[in-house]
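Take the sequences, apply the hints, and build the full model.
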Amino acid sequence: MSAPVRQESLSSAPGRRGVGSLYAGNARSVMLRGWEATRSTNWLVILSGLFEPVFYLLALGVGLGALVGRVTTTTGEQVSYAAFIAPALLAVAAMNGAVYDSTWNVFFKMRFARLYEGMLSTSLGPLDVATGEILLALARGALYAIGFLIVMQVLGLNLSWWALLALPAVLMIAFGFASVGMAVTSYMKTFQQMDWITFLMLPMFLFSATFYPLSVYPEWIQHVIQALPLWHGVEIVRALTTGAVDVGILWHGLYYAVMIVLGLVFTTRRLRVLFLD
Amino acid sequence: MPEPVIVARDLVKTYGELSAVDGISFEVAAGESFGLLGPNGAGKSTTMRMVGAVSTRTSGELSILGLDPDGSGPEIRSQLGVVPQADNLDTELRVRENLLVYGRYFGLPRRQVAARADELLAFAQLEDKGKAKVDALSGGMKRRLTIARALINDPRILLLDEPTTGLDPQARHVLWDRLFRLKEQGTTLLLTRHYMDEAEQLCDRLVVVDKGVIMAEGTPAELIRRYSTREVLEVRFGSDRNAAVAEQLHGIGERVEVLPDRILVYTDSGEADLVRITEAGLRPVTSLVRRSSLEDVFLRLTGRSLIE
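Heads up: the protein sequence lines correspond to chains A and B, in order. The first sequence begins at 1 in this note's numbering and counts up by one. The second sequence begins at 1001 in this note's numbering and counts up by one.
It is worth saying that the hints were derived from the structure and are not from the lab. Owing to the predicted nature of the structure, the values given are computational and were not obtained by experimental measurement. Among the hints, a few may not be true.
[Claimed, not checked] Restraint-style ranges between C-beta atoms, simulated for each label pair:
(1) B:Lys-1131 with A:Asp-277: 36 to 42 Å
(2) B:Asn-1040 with A:Arg-269: 28 to 34 Å
(3) A:Asp-277 with B:Ala-1114: 32 to 38 Å
(4) B:Asp-1118 with A:Ile-46: 29 to 35 Å
(5) A:Arg-39 with B:Asp-1177: 33 to 39 Å
(6) A:Ile-46 with B:Asp-1177: 39 to 45 Å
(7) A:Gly-243 with B:Lys-1133: 47 to 53 Å
Here a beta-carbon is modelled for each residue, glycine too, at the ideal position from N, C-alpha and C.
Shown next, in the form of structure tokens:
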């Protein structure tokens, strides 16, 4: 090594780290690790996530649906109750899978298994770790979505060819929740704080126009629901599977784009503070 | 002297008001075993993290393999092996998978990693544990697996933070044996210890660190020669009497240190001084003559014992 190069590298004022020190282009290896770990330990957890929305659909959509009859969507379509809640359950499944992977799983790896500490002492950067974990959550989300879409197809609940686009839409929803979920988790220190996530998720699941149209609420509650992420997800997927697609869907998409970007920015920043301070 | 692989000058790391490392300078040559010795909280681990390019220095100069960790973190880390103080093995993976997956984090091809993993399992004496779960390993085995893992990328420098803390003597012995082998193979080692024993034999050179600054630097033999006597006589009179008896030991040995549980007499001839003590009518409960160690150097430099 020549002397001048060394002189340069020995600059006494520590410069700011560039993207080069955050990302090594190897998120793949983080995903690979997740796959190996899942293969040997978590199979049942993965499968349970596949069946949960199907049980809801059968109990509420088919069972309760027989009493409810037809429902009017936001865009004015008349659809069966099962066809009304199925897309919502699909969005919820994407949300749950992504949130579970990016919160409890990440929390455990970060605080107890100290897995990220090990990863970050290799050539991986925090952005590799964040991206890898989030993509893994997405892969799982995709698995659930495909399974559930097949069930919907069999039950005749996909009312339009647009339903094919529900798959990428669900991935976007999962991406948004995984990204934000991981960012939030990186600030969490105790199990009690983690419980708050579960506490917030349940009402969001029940009240985001999942089981009945938004119009049943007084106007101010409607605004609250419309501010929450799940409602946007439910609207997108419902529009696609019922075939009532309009321009409004782009706004819902934008909501998720913002979630994804904010989540990634905060996660990367936070991982850097936690592990590369 | 060959080109240094680590150069630190006036290295400082502060966390808010607290300065963990307060102006440390040292150089490590390729192939050298270099030790950072000091009590817990001396700033050793923080220094290790900066050298490992996972902690940004507050000020000072740092060059690892000719690169600045501020701009070249991943590039530096790709050439380092890190054995952290507490094991952070992947408990969701089995033993051999731990090595395979870790190798992939470095972006190494699968085939190469697989071959290397088998070599390293043999090196760590874990050949028959490849399919075992990590949690089923003993403490010593986990440590050896962590070292094997740190070697998966064939690093130019191996960083070991308290590598044998918490292991029983036999497991420690096996581990030091492995580290000696690495040293013989020419691997550059940087290790921290808060405990002096084996470090004396493994380290070519070391610095004694306390409260974020370097107290002394040299080879173990040099440091002992400079800061201590050839031998140490340890006498115990019972914890309530030690201090009182020490008053009467003036003139014996070069220097007397009173610790809560014993008195240390620094001398060139421990046996002769023990005779003088008993002739003076003092009867120690136990007595021991030993050679000076780095522990004594530390005590001399800081007035405190390393293990408190």
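(message) Hint by hint, where does the structure go against what was stated? Just the numbers, ascending.
(response) Result: no hint breaks.
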